[in-house]
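Protein chains: 2
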Amino acid sequence: MKAPQANKNVTQVPLSDRIYQSLKWSLIIGEYFPGSDLSIRSVAMKMGTSTMPVREALTRLASERLLQSSVKRSYKVAELDPKRVADQFFLRARLEGIATLLAVPNMTPSQIDELEALANMMERDIETGSNENYIVRNYNFHFSIYAASQNEELFWSIERLWAQTGPFLTQAVRSQTMPDEWRILHTNIAKAIRSRNAELAAQLIEKDISWGVSTFESFTSSAQSK
Amino acid sequence: MKAPQANKNVTQVPLSDRIYQSLKWSLIIGEYFPGSDLSIRSVAMKMGTSTMPVREALTRLASERLLQSSVKRSYKVAELDPKRVADQFFLRARLEGIATLLAVPNMTPSQIDELEALANMMERDIETGSNENYIVRNYNFHFSIYAASQNEELFWSIERLWAQTGPFLTQAVRSQTMPDEWRILHTNIAKAIRSRNAELAAQLIEKDISWGVSTFESFTSSAQSK
DNA sequence: ACTAATTTACTGTGATCACAGATATTGACC
DNA sequence: GGTCAATATCTGTGATCACAGTAAATTAGT
Chain C
-4 MKAPQANKNV
6 TQVPLSDRIY
16 QSLKWSLIIG
26 EYFPGSDLSI
36 RSVAMKMGTS
46 TMPVREALTR
56 LASERLLQSS
66 VKRSYKVAEL
76 DPKRVADQFF
86 LRARLEGIAT
96 LLAVPNMTPS
106 QIDELEALAN
116 MMERDIETGS
126 NENYIVRNYN
136 FHFSIYAASQ
146 NEELFWSIER
156 LWAQTGPFLT
166 QAVRSQTMPD
176 EWRILHTNIA
186 KAIRSRNAEL
196 AAQLIEKDIS
206 WGVSTFESFT
216 SSAQSK
Chain X
-4 MKAPQANKNV
6 TQVPLSDRIY
16 QSLKWSLIIG
26 EYFPGSDLSI
36 RSVAMKMGTS
46 TMPVREALTR
56 LASERLLQSS
66 VKRSYKVAEL
76 DPKRVADQFF
86 LRARLEGIAT
96 LLAVPNMTPS
106 QIDELEALAN
116 MMERDIETGS
126 NENYIVRNYN
136 FHFSIYAASQ
146 NEELFWSIER
156 LWAQTGPFLT
166 QAVRSQTMPD
176 EWRILHTNIA
186 KAIRSRNAEL
196 AAQLIEKDIS
206 WGVSTFESFT
216 SSAQSK
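Residue numbers (my numbering), protein chains in the order written: chain C, -4 to 221; chain X, -4 to 221.
Think of the hints as simulated: they come from the structure by calculation, not from any bench. This structure is a prediction, so every number in the text was calculated from the model and none was measured. There is no bait here: all hints are sound.
Listed next, the in silico DSBU-like pairs over lysine-lysine satisfying Cα-Cα at most 35 Å (straight line): (1) C:Lys71 / X:Lys41; (2) X:Lys41 / C:Lys67; (3) X:Lys67 / X:Lys78; (4) C:Lys19 / C:Lys186; (5) C:Lys71 / X:Lys19; (6) X:Lys202 / C:Lys78; (7) X:Lys71 / X:Lys41; (8) X:Lys202 / X:Lys71; (9) X:Lys19 / C:Lys78; (10) X:Lys19 / X:Lys67; (11) C:Lys67 / C:Lys41; (12) X:Lys41 / C:Lys19; (13) C:Lys67 / X:Lys71; (14) X:Lys19 / C:Lys67; (15) C:Lys19 / C:Lys67; (16) C:Lys41 / C:Lys71; (17) X:Lys67 / C:Lys41; (18) C:Lys19 / X:Lys71.
Could you put the whole structure together from the sequences, leaning on the hints where they help?
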């Protein structure tokens, strides 16, 4: 008889997967900037692994259009292309609106409680200027809604778009104070969901994204004039 | 002085890319069925290459959710999961509707001519029962519209969804005759675009997809009763 | 000191190998 | 004949190597 061998291989999840997830998350929270180079060997060195799993991770990210890859040049985060970024935010607005419409009737009261708690903490994050916390809570806020849409493909598509826009958006968020009228936006979204007003909730979600676009645009215009 | 060396390396496009494109296209046109196994070594043997480029291609396809990959089991086309497929078609309807709305004002008369020509040939394909031709022309018809949306991210997302639903849909198309009322649908879509009626065009596109869903459902119900 | 050619360093790509987990096959035993 | 264990086969995974492009640094020539 063979014992289950509890912790023979702790992982069971491939190294390439973990590297992929780690890099994707870094993109989402804006740890990489437009134009950043990510070569296989340099990342492998940083991760302390061989090139192989990094190579798979970067291949995957490039295939999902989260990184650019030229013929024999280093992988890199896409440079800022206004048209392309506008297309991405347009898609985000549509998909996240759709996800919200689907999600509202599905969310349980306790889930909405967590949403409001997050919204409160996010307001406090803005006041205290802790942008790092805000970014993570903002992710959790939005994606707990999108998860409630119970459409995995939709969820995945939106997450992919966040990873694409992350390098542009977060940089803008970090370098800018937030307009007052937007501070209570997430609280209002939670309220709309609690009252089961799906249309309003979706509308506010899209407004949130349009805020992202506007800060992004002000950021790029100030960058152009440097 | 160095001559340009015209055809030193004809390719300049990596092997892994070509294999990836080839497999993706095979998925779109329904050459693989749900549950089909695609192991690295077997595909490499078939392609006449080493395992390396195939490995990258399959990794990419799995990362885009076009293939399933378990821990140390073979890559495979996803089995039929009604909920999941329904989610995919729902997304297709939304995204392809959006793309059509964007595309209609952008399409040139000559592009619309080509659309009508395709629609005519597709009607003939149905009459002569040449499903292979129909499938390819259907792809060209739809994606020349989506290309006119001039939103690359949207185009890519839709193409990805086609690769996901291809194994389910095409199998249904192949094994079934088409209802009369749908034969002239693509011609009507072209007409709507020519008259710049974006709303109608989008509506008809979504109707086309809902036809796909219905044939898919009739196919699965007949498969369940086997 | 400046330009052009050469060299060096760095990049992804394809191939090959060793290994361990998972499945299917075979075998032995009752 | 049926059940369970041993074995053989097939799977993805990680590592390493050689190679050919690309870009940066250096050197040579004026």
